[in-house]
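Residues 0 to 214, numbered by numbering that gives the first Met the number 0, are exactly what the sequence shown covers, in order.
Hints may be right or wrong, so weigh each one.
[Stated by the list, open to error] Lysine to aspartate or glutamate pairs mimicking EDC-like chemistry, simulated, CA-CA at most 16 angstroms apart:
#1 Lys132 / Asp112
#2 Lys132 / Asp155
#3 Lys194 / Asp155
#4 Lys194 / Glu156
#5 Lys88 / Glu149
#6 Lys194 / Glu149
[To be verified] Ranges between beta-carbon positions, derived for each pair:
#7 Met82 / Glu156: 45 to 55 angstroms
#8 Lys194 / Val90: 36 to 46 angstroms
#9 Pro113 / Thr154: 33 to 43 angstroms
I should point out that these hints are in silico values taken from the structure, not numbers from a laboratory.
Just so you know, even glycine gets a beta-carbon here, dropped at the ideal spot from N, CA and C.
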Amino acid sequence: MATITLASCIGSLGITLALTWLPFIQSAETGNAGQAYGAAAAATSVVVLVYIARTFQQQGEEARMHREVLESQTSELCMQREMVESQHKTVQRSAEAAVRARHIKLLEMAINDPALMHCWSGYGPNISDDRRKQYLYCNLIISHQCMCYELGYYTDEEVVNSLRGIFNNEVMRGFWQATQVARDQIAQHGGTMHKFYDLAELAHSHRLNNYGGHQ
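Given these sequences and hints, build the entire structure.
The structure is reproduced here in structure tokens:
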């Protein structure tokens with residue numbers, strides 16, 4: 000299209016120069032012919048301009064269509080990435096739930112069998128079997144609260160309020176203090192569990208202050 004337009008412009012310019020500058024064609028007839036050609040050239044120029052304008056319009060429409068296609072492809076890629084991330088989070092949560100379920104099963108076995116109970120941490124010196132069993136059960140309660148928080152069932156405020164009620168129990172407060180070192184080691188790399196432990200410590204400190212620092 001650009002080649003045709005350029006050829007038409009060059010041809011019109013060449014004929015106009017020939018009619019204007021070549022002596023042997025300067026006559027009344029050629030003058031009339033020149034006027035006729037001038038009119039035809041003007042009409043041709045209008046047609047060429049219309050053609051060029053139409054070409055630009057078509058190119059603009061094609062560019063717009065290409066842009067819309069690219070935007071659509073980009074949007075689709077974003078949706079696919081979000082789906083992959085969502086699936087990854089779902090698989091990760093399922094794996095975490097499976098690990099927690101195994102942990103709960105192991106604790107339940109220890110609670111139900113005194114021989115297995117001694118395989119777990121003693122929670123400090125001179126602790127009785129009954130208190131060790133209670134601490135294992137406390138572990139289950141705290142693990143459940145943590146899982147609910149990580150899954151989004153509890154907000155920060157809700158989990159603190161729930162744990163304040165839990166720490167009303169003297170056995171639970173003893174368990175929390177007995178496991179402080181192990182807890183710090185588990186949550187030292189940060190993450191949601193570390194934040195949960197911070198909130199739990201806030202709830203524990205609140206209840207401990209209410210009881211005057213006594214167990």
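Hints and how they fare:
1. Lys132 / Asp112: 10 angstroms, holds
2. Lys132 / Asp155: Judged against 16 angstroms, a Cα distance of about 29 angstroms means the pair is violated.
3. Lys194 / Asp155: Cα-Cα ~9 angstroms, so holds.
4. Lys194 / Glu156: 12 angstroms, holds
5. Lys88 / Glu149: 12 angstroms, holds
6. Lys194 / Glu149: 10 angstroms, holds
7. Met82 / Glu156: 45 to 55 angstroms: 32 angstroms, violated
8. Lys194 / Val90: 36 to 46 angstroms: For Lys194 and Val90 the Cβ distance comes to about 23 angstroms; the hint is violated.
9. Pro113 / Thr154: 33 to 43 angstroms: Given about 39 angstroms between the Cβ atoms, the range holds.
Violated hints, in rising order: 2, 7 and 8; the structure is consistent with all others.
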